[in-house]
Amino acid sequence: MSTSLRNYLLDKAPFLTACAMLVAILATYASLQRGVFSIDELNLVTGSAMTLILVATGQTIVILRGGIDLSVGGMVSLGTVIAATQFGTDPVNIVLWSSAILLLGFLIGAANGVMINYLQLQPFLVTLATWSVLSGVAMIILPTDGGSVPDWWIGFGYSEFLGLAGPVWMMIALIGFWFWFKSTRLGTTIRATGSSEKSAFLSGVSIMRVDIAAYGLSGFFAAAGALYLTTQTGGGSPIIGKDYILPSVAAAVIGGVSLFGGRGGLMGTVVGAFILILIGSLVFALRISSHWQPVLSGLILLVAVLTSSLTEKTAKGQAQ
Amino acid sequence: MNGFLVRYRAVLLAYGAVVLLLLVTAAFSPGFLSAANIRATLVLAAFVGIVALGQTFVIIGAGIDLSIPWVLNTAAILMTMLCASENLPLLWVMPLMLALGGGIGLFNGVGVAYFGVPAIIMTLATNVMLQGLILVFTGGSPTPLAPDAIRFLAVGQLGPVPVIVVIWAVLGVAATVLLSKMSFGRHLYALGGNETVAEFSGVPTRRTKILTYVGSGMTAAFAGMLMTGYSGQAYLGMGDPYLFTSVAAAAIGGASILGGTGHYVGTVAGALVLTILTGLLPALNLSSGALQVVYGAVILITVALSSDGVSASWAALFGRRKTQGAK
Amino acid sequence: MDLIEVSGLTKRYGGIVALEQASFSARAGEVHALIGENGAGKSTFIQILAGAVAHDGGDVLFDGAHYNPANPDDAETTGVTAVFQELSLIPDLTVEENIWFRREPRRWWGAADRRELRRKTLDLFEKYEFPPIQADRDVRRLTLAEQQIVEIAKGLAKSTRVLILDEATSALPAKETEWLLKLTRKLAEEGLLVIFISHRMGEVRSIADRMTIFRNGSTVATHVTDEVSDDEIVAQMIGRQMDRLYPERRDTTTGRIALKVSNLECGSRLRGVGFELREGEVLGVGGLQGHGHRELFQSLFGASRSTGEVELWGRTTRFNTPSQALSGREGIALVPEDRGGQGLLNSMSVRENLTLSVQRRMTWCGLVDSKREAALVREMVDLLSIKVDTPEQEAGTLSGGNQQKVVFGKMLLTEARVLLLYDPTRGVDVGTKSEIFQLMRDLAAQGYAILFHSSDMPELVHVCDRVMVLRAGHVAALLDRSAISEEAILRAAVLEKDT
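Chains as they are written, first to last, in this note's numbering: chain C, 119 to 438; chain U, 5 to 331; chain A, 12 to 510.
To be clear, the hints were calculated from the coordinates, so they are not data collected in a lab.
There could be a bad hint or two in this list.
[To be verified] List time: in silico DMTMM-like cross-link candidates among lysine to aspartate or glutamate, alpha-carbon distance up to 25 Å: (1) Lys-431(C) with Glu-203(U); (2) Lys-431(C) with Glu-348(A); (3) Lys-185(U) with Asp-400(A); (4) Lys-197(A) with Asp-74(A); (5) Lys-185(U) with Glu-203(U); (6) Lys-197(A) with Asp-134(A); (7) Lys-316(C) with Asp-177(A); (8) Lys-382(A) with Glu-426(A); (9) Lys-300(C) with Asp-147(A); (10) Lys-316(C) with Glu-199(U); (11) Lys-300(C) with Asp-124(A); (12) Lys-197(A) with Asp-13(A); (13) Lys-186(A) with Glu-140(A); (14) Lys-431(C) with Glu-276(A); (15) Lys-185(U) with Glu-390(A); (16) Lys-316(C) with Asp-349(A); (17) Lys-431(C) with Glu-97(A); (18) Lys-130(C) with Asp-124(A); (19) Lys-130(C) with Asp-147(A); (20) Lys-185(U) with Glu-405(A).
[As the list claims (entries may be wrong)] Derived, one-sided and incomplete: chain A residues facing chain C with beta-carbon distance under 10 Å: (21) Asp-103; (22) Glu-115; (23) Trp-120; (24) Gly-121; (25) Arg-148.
Yeah, the Cβ is synthetic: ideal placement off N, Cα and C, and Gly gets one too.
Input sequences plus hints: build the corresponding full structure.
Here is the structure:
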């Protein structure tokens, strides 16, 4: 095998493994159920996966920076709760509040970044605390599931354009965004800072700005995830965000994003998110208890990380 | 004296917070300082404290254990099932559950120490897998009641002091001795401080790491059984709140997530802070949402105050001249 | 007019004086070398010029105007670029992304213009005749030498008037070193000022127009290269301490073989090495960087995987972890090259650091006996004259020399009689260096067997009983006492073996 092909495979191994797992899951699924490789199925699955994909997008950016954001759970809850209580029926009002929620997400994320950077605190702890605060606020605003959003808002998940559902177009736009973002100066700098904070600093990067941008974007995408979620649930919930925290990290890790920072991309995260969602469908199709889903998810997560670990060791061995 | 103040500032701050909270709660709710209430608070704090014991050791070693919730739950449920349906005496079942918790910890530890899996991922995966397996096993239906033996243990009292608190105290002393007076503790602090230096100094790093995870699994299992005895029943999801509280207790007590620092004495204060805060709920007429906000704020404040940025000013206040060495 | 004029430059770190009244001047279009021992102040000096560190006193003029950059960026804007020994590359970015980091050519919509980026990179490589390097390779996949070259490219990519090279050749193999030396001359011809730090007199003589000698934090003299002899240079580098720096050497070897190594291979750099280390001897390991030294030491200590046979005091042994190497009476101890990253826990006390490896000597069933611990600590503090107010002091607050003593003490307490010392005097002040050399000879006299690597050839020449030279992962020469000289070591390190 030529060296450059070998190098490429080693570099991309975690991502390729994720793709292989996705294909395996789809194939198994297809053998049990008809119409898996159809547009309808794509629309359906993407619709279910979109919230996770959005939240995981922000998480990917933070992980590339070398941090982690546990507060996304609180942001998602808070977002749905504000939406469900403030939207009403007037479209203008809805647009205004949606924008406000997105802005709030960014600002809270930026606050995370400032605290982490200026006070030199651990991202795990800071975002854990912020998650608690945001969850609490959500609970204060709306103690139990409730609130409502207009019917046409909910319809987004079913809307179609040229045969593809709204969520699918959203995903395409997201991927397009990523390919642009990762090549911009900010995107490259975030990844560089995660790769080596010291070298980035020596090269004149303002680490504070990087942290504000990375965590701010994470908050923004969590808020976007919240808005999308309301199109699926039709209401707000103060506790629903909790279910998205660890899966958002898992989706990224399965997709090959390294927890140490600097390596990986959104494509992997999207694959990881689809894998996690499809495990649920697969378990259903296999007619086994739905409780097997977390077991399979955990196993796949471990396989993904071990592959990453192994290919790293191999690659390191030859670079000497 | 000055050196003491500087070294243990995080712990002192944490206990300061405990006192402050006690005063605040007592002011708003005079009945709070009754003997019965203090007992109840201590028992609840003991649960957090026991779980956080294992977590503290893992964190000092620069790791983290996210599998505590379902190790706890698994031990609780399996204990009730084995005792009730198989009619096995608690004497056998308890050590068995402890071994189970330790075994799961071993699984975690090997993954982290030998395969280089990041701790967050390894323990997260274990947690999630355990959850699925237990749900499959029980089918989601309720489990038998706790056996009488453990109920007696859990609600019993030794004089005025609940048995659980005594157990906690004993474990706490053991943990403190282990950390500060035994070579395992030295090795652990070195491992968490700088793994390479520890390695080059002959510290058995992998074994030490694995032991912390085994310990964490065991304390989680133990706490699960005690909790089941206390409430009379094991239920699904009973372990979930303890993930947050175990990490928060350790952090409030001064342990850095990066490893290398922390004392169990501080974690005890952290457990007390969190439990008293929960007690604040009815006292201040706070909704559970407001409580969450307060939780988060308290963690942020205590962690910020004991962070390095603030430590320089603290050291200046209590005067210790630091000489900088050139490289 | 001089491009750079420095007068009275002073820099202190707490109680340590790194630079005291240093003066310097250099012109555009020259290659100016900085010479001096480790710790003489050269690094601090260029760090100040490069804007990485602020000075405490003195004046720097650049092109006649006051020069006081706030940070490296500032310095680069003015036209001073430094390529340090410590690499500042981003591992997960490619070579070209690193070279043009934060200055990549962009399209109007914000994305990087990859084609233009590639073109600029290839043009740069061509202009300066760079050795072949793949532009789209992730930097972390490159060898150390290749990374050094990328670091140099990064420096050249900035429009600069002063290029500072800090021991840039230390990581480079012969051919790339040739290239770099030619490059510096070419840059000087183009009108740049190249400030060049190196320990290798041969290189300095071949490219430097002038040189400035540093000693003990101050500048001693500036010479035109062709007008000064090696003896004069050495004398000015070392001052009058030369005879007092190195201890007396007596033959303290017994007949016993402490360590016998055959066919030891480790990684890709140690290709097969065999030798005997005798009880009572100090065996030096010399040669150029990257030829297997690190791998040799780490594999003997159990810190790296290796194949081959090792006999310790006559018994075949294999250590897989340092923990194994340090356990028991008959062990091997290592004083590693990187104090901060491998040797000491900066936030722990001196006492805790000293006793970390010997818990078994001060515990009873795992419980620490404070009295025994205190005794062990006192033993080392006294033996090594470690300067501390109290053993409870944080190790990170000690000076470099004292920190090194703590690392020594930690290893001596293990009672292992085979000591591996990897560059133990790096970054250590002259006084402590002298103490360390004396300690080494004393230990040898007591029956220790010492394997000693130093990047400083005079040290090998004056302290060792024999010197083994590594080249390309093999033993190129084994020099007896009578045959040891800097020239002999260098010759073996650089030249192909005569058949």
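Structure-based check of each hint:
| no. | hint | result |
| --- | --- | --- |
| 1 | Lys-431(C) with Glu-203(U) | holds (19 Å) |
| 2 | Lys-431(C) with Glu-348(A) | holds (24 Å) |
| 3 | Lys-185(U) with Asp-400(A) | holds (24 Å) |
| 4 | Lys-197(A) with Asp-74(A) | holds (22 Å) |
| 5 | Lys-185(U) with Glu-203(U) | holds (21 Å) |
| 6 | Lys-197(A) with Asp-134(A) | holds (16 Å) |
| 7 | Lys-316(C) with Asp-177(A) | holds (19 Å) |
| 8 | Lys-382(A) with Glu-426(A) | holds (19 Å) |
| 9 | Lys-300(C) with Asp-147(A) | holds (16 Å) |
| 10 | Lys-316(C) with Glu-199(U) | holds (19 Å) |
| 11 | Lys-300(C) with Asp-124(A) | holds (13 Å) |
| 12 | Lys-197(A) with Asp-13(A) | holds (20 Å) |
| 13 | Lys-186(A) with Glu-140(A) | holds (13 Å) |
| 14 | Lys-431(C) with Glu-276(A) | holds (19 Å) |
| 15 | Lys-185(U) with Glu-390(A) | holds (21 Å) |
| 16 | Lys-316(C) with Asp-349(A) | holds (18 Å) |
| 17 | Lys-431(C) with Glu-97(A) | holds (24 Å) |
| 18 | Lys-130(C) with Asp-124(A) | holds (23 Å) |
| 19 | Lys-130(C) with Asp-147(A) | holds (14 Å) |
| 20 | Lys-185(U) with Glu-405(A) | holds (19 Å) |
| 21 | Asp-103 | holds (4 Å) |
| 22 | Glu-115 | holds (7 Å) |
| 23 | Trp-120 | holds (7 Å) |
| 24 | Gly-121 | holds (4 Å) |
| 25 | Arg-148 | holds (8 Å) |
Comparing the model with each earlier hint shows no violations; every hint is respected.
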